[in-house]
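> Each chain, letter by letter, is given below.
Number of protein chains: 2
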Amino acid sequence: MAVSETSPAQGPAQPAIILVRPQLGENIGAAARAMLNCGLCDLRLVAPRDGWPNPMAFATASGADVVLERVQVARTLEEAVADLHHVYATTARLRDMRKHVLTPEQLAVDLHHTAALGERSGILFGPERTGLFNDEVVLAKAVVNAPLNPAFCSLNLAQGVLLIAHAWYRALDDATPPRQLASAGSRNATHEELAGFFHHLETALEASGFFRVAEMKPATIRHLRNLFQRAELSEHEVRILHGAVKALAGERHRGKAVRIGGTDAD
Amino acid sequence: MAVSETSPAQGPAQPAIILVRPQLGENIGAAARAMLNCGLCDLRLVAPRDGWPNPMAFATASGADVVLERVQVARTLEEAVADLHHVYATTARLRDMRKHVLTPEQLAVDLHHTAALGERSGILFGPERTGLFNDEVVLAKAVVNAPLNPAFCSLNLAQGVLLIAHAWYRALDDATPPRQLASAGSRNATHEELAGFFHHLETALEASGFFRVAEMKPATIRHLRNLFQRAELSEHEVRILHGAVKALAGERHRGKAVRIGGTDAD
Numbered sequence: 001m002a003v004s005e006t007s008p009a010q011g012p013a014q015p016a017i018i019l020v021r022p023q024l025g026e027n028i029g030a031a032a033r034a035m036l037n038c039g040l041c042d043l044r045l046v047a048p049r050d051g052w053p054n055p056m057a058f059a060t061a062s063g064a065d066v067v068l069e070r071v072q073v074a075r076t077l078e079e080a081v082a083d084l085h086h087v088y089a090t091t092a093r094l095r096d097m098r099k100h101v102l103t104p105e106q107l108a109v110d111l112h113h114t115a116a117l118g119e120r121s122g123i124l125f126g127p128e129r130t131g132l133f134n135d136e137v138v139l140a141k142a143v144v145n146a147p148l149n150p151a152f153c154s155l156n157l158a159q160g161v162l163l164i165a166h167a168w169y170r171a172l173d174d175a176t177p178p179r180q181l182a183s184a185g186s187r188n189a190t191h192e193e194l195a196g197f198f199h200h201l202e203t204a205l206e207a208s209g210f211f212r213v214a215e216m217k218p219a220t221i222r223h224l225r226n227l228f229q230r231a232e233l234s235e236h237e238v239r240i241l242h243g244a245v246k247a248l249a250g251e252r253h254r255g256k257a258v259r260i261g262g263t264d265a266d
Numbered sequence: 001m002a003v004s005e006t007s008p009a010q011g012p013a014q015p016a017i018i019l020v021r022p023q024l025g026e027n028i029g030a031a032a033r034a035m036l037n038c039g040l041c042d043l044r045l046v047a048p049r050d051g052w053p054n055p056m057a058f059a060t061a062s063g064a065d066v067v068l069e070r071v072q073v074a075r076t077l078e079e080a081v082a083d084l085h086h087v088y089a090t091t092a093r094l095r096d097m098r099k100h101v102l103t104p105e106q107l108a109v110d111l112h113h114t115a116a117l118g119e120r121s122g123i124l125f126g127p128e129r130t131g132l133f134n135d136e137v138v139l140a141k142a143v144v145n146a147p148l149n150p151a152f153c154s155l156n157l158a159q160g161v162l163l164i165a166h167a168w169y170r171a172l173d174d175a176t177p178p179r180q181l182a183s184a185g186s187r188n189a190t191h192e193e194l195a196g197f198f199h200h201l202e203t204a205l206e207a208s209g210f211f212r213v214a215e216m217k218p219a220t221i222r223h224l225r226n227l228f229q230r231a232e233l234s235e236h237e238v239r240i241l242h243g244a245v246k247a248l249a250g251e252r253h254r255g256k257a258v259r260i261g262g263t264d265a266d
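These protein sequence lines map, in sequence, to chains A and B.
Counted from 1, the first sequence has number 148 at position 148 by the working numbering; the numbering is strictly sequential.
Counted from 1, the second sequence has number 217 at position 217 by the working numbering; the numbering is strictly sequential.
Keep in mind that a hint or two might mislead.
Since the list can't tell identical chains apart, any single copy or any two copies may satisfy a pair.
[Said to hold, decoys possible] SDA-like cross-link-like pairs, simulated, lysine to any residue; straight-line CA separation at most 25 Å:
| hint | residue 1 | residue 2 |
| --- | --- | --- |
| 1 | Lys141 | Gln14 |
| 2 | Lys141 | Ala47 |
| 3 | Lys141 | Glu26 |
| 4 | Lys217 | Thr114 |
| 5 | Lys99 | Met56 |
| 6 | Lys99 | Pro218 |
| 7 | Lys246 | Ala13 |
| 8 | Lys246 | Asn149 |
| 9 | Lys99 | Ser154 |
| 10 | Lys217 | Val109 |
| 11 | Lys217 | Arg187 |
| 12 | Lys141 | Ala116 |
| 13 | Lys217 | Ser186 |
| 14 | Lys246 | Gln229 |
| 15 | Lys217 | His236 |
| 16 | Lys246 | Ala151 |
| 17 | Lys99 | Asp83 |
| 18 | Lys141 | Gly51 |
For the record, the hints were derived by calculation from the structure and aren't laboratory data.
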């Protein structure tokens, strides 16, 4: 997949809809139709169960072939979001996680604001039966949840896409000022840059013996990724954090020690 | 059909959804599911093509059987709307007719207003292929039309029901839910706890030689404090961060080394 190369129609003005491990071709097609109803074209699939292309999708798209023909298929979620600056996850339940929860309308305001800054966003939808895994939700800066009947809130996949896409469409020319993040001159980090920092941090923590209790490691990593996702890091801040981890772990020190032939002063 | 006798759950507070000559059972079921997602139960069918009950409808309702079991079937549209005070028609094109055109949001305001007066309303949806006939649209006091991509505005029947029903649901208590932060059980960190973490982090960074250029130090510290402030840390997360800094800086290691009398493995 070549998500880094963005065609004009899939430019920053449009959020990507990312279906993670979708099961039914019918739902992929219906989602594409709902997207095009609202003027969205950037559909990405992560490991679709029945492969791609899927004839059932074209049957239910009812003419939204332009969306299906441009579909980008990725093997992993990380690959699918690598070029995005902002990732949101749709989920009904937030298990043991600390994240902002937005309505589709609040999301739409965010999406239009960041698009105006030239930044790319994407919204994750989980598989029909199970929804997103915790480790997938962690990748998101915030969670989106449409208010629904609490006694019956399980929404069909394409219906979920429609609620998000239509809120985006309704807000296309809405002048409500968004919640803003003053940027101090540095652009937002991409998800690829964030992933690079997580890798550095977690490798250094592993080497330091931080993960003493193996069973706790996944939850601890989720907590750490979550809090840095919430911080909406700039590219500059990611570089500072890299430097801090490097310094704390003694990586720079050791390098210098080797150069000057001395021993580690630590 | 006995629409004149309205059960409590189908009282004036709820608009009826009226599918006129629906063709596919799948769409009837999906419409029922979308209705219940938004707390609506009063579904009426006018001359469904494949009769009633329709097993395909139950298959796609995904558990919204309570709506399908109460379905009221009428032979004619006039019969289906006989007990209603206000009828609205969904249609994309208003051919040679002078009618008010409402968005789903404007309709929702009307519906809640008339319901508060004890009056009953219903919304007409035409058959999948053709939409409503002119003579059917004429029965309506106004037309409802969701803003959609003008180049691709043909909406699936159940998708149309969802847009109307969800606008109604959102307007139930116009108090739009605020932007929320799901807390995962841990309380917010106090500023004292944050200050304690900053002190720990900055002391460790100082010891590691991170602040090589003295003039840059204040700005770098501001960046670090800022990003952690933005993350809105919980008390639990602050403890994890303390542990991470401690591990990275080798504090725990050194402690252990002293206890067991060995040397720092670093």
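> At most 25 Å between CA atoms: does that hold for Lys217 and His236 within a copy, between copies, both, or neither?
Between. Shortest inter-copy distance 15 Å satisfies the 25 Å Cα cut-off; intra-copy 28 Å does not.
> First find the shortest C-alpha distance between Lys99 and Met56 inside one copy, then the shortest across copies, and answer within, between, both or neither for a cut-off of 25 Å.
neither (36 Å within a copy, 39 Å between copies)
> Tell me, please, which holds for Lys217 and Val109 at an alpha-carbon limit of 25 Å: within, between, both or neither?
neither (36 Å within a copy, 36 Å between copies)
> When Cα atoms must be at most 25 Å apart, do Lys141 and Gly51 count as within-copy, between-copy, both, or neither?
Cα proximity of Lys141 and Gly51: none, with 29 Å in one copy and 48 Å across.
> Under a CA distance limit of 25 Å, which applies to Lys246 and Ala13: within one copy, between copies, both, or neither?
neither (37 Å within a copy, 43 Å between copies)
> If the cut is 25 Å between Cα atoms, do Lys217 and Arg187 qualify within a copy, between copies, both or neither?
For Lys217 and Arg187, only the inter-copy Cα distance (22 Å) is at most 25 Å; the intra-copy one is 31 Å.
> Up to 25 Å between alpha-carbons, please classify Lys141 paired with Gln14: within, between, both or neither.
Result: close within a single copy only, 18 Å intra versus 37 Å inter.
> When no copy is named, should Lys99 and Asp83 be tagged within, between, both, or neither for a Cα gap of at most 25 Å?
For Lys99 and Asp83, only the intra-copy Cα distance (22 Å) is at most 25 Å; the inter-copy one is 47 Å.
> Classify it for me, Lys246 with Asn149: is the Cα-Cα distance of at most 25 Å met within a copy, between copies, both or neither?
neither (49 Å within a copy, 46 Å between copies)
> Up to 25 Å between alpha-carbons, please classify Lys217 paired with Ser186: within, between, both or neither.
between (32 Å within a copy, 18 Å between copies)
> My question is about Lys141 and Glu26: at a cut-off of 25 Å on alpha-carbon distance, are they close within one copy, between copies, both, or neither?
This pair counts as neither: shortest intra-copy Cα distance 29 Å, inter-copy 36 Å.
> When no copy is named, should Lys141 and Ala116 be tagged within, between, both, or neither for a Cα gap of at most 25 Å?
within (18 Å within a copy, 40 Å between copies)
Of the numbered hints stated above, those contradicted by the structure are hints 3, 4, 5, 7, 8, 10, 16, 18, listed in ascending order.
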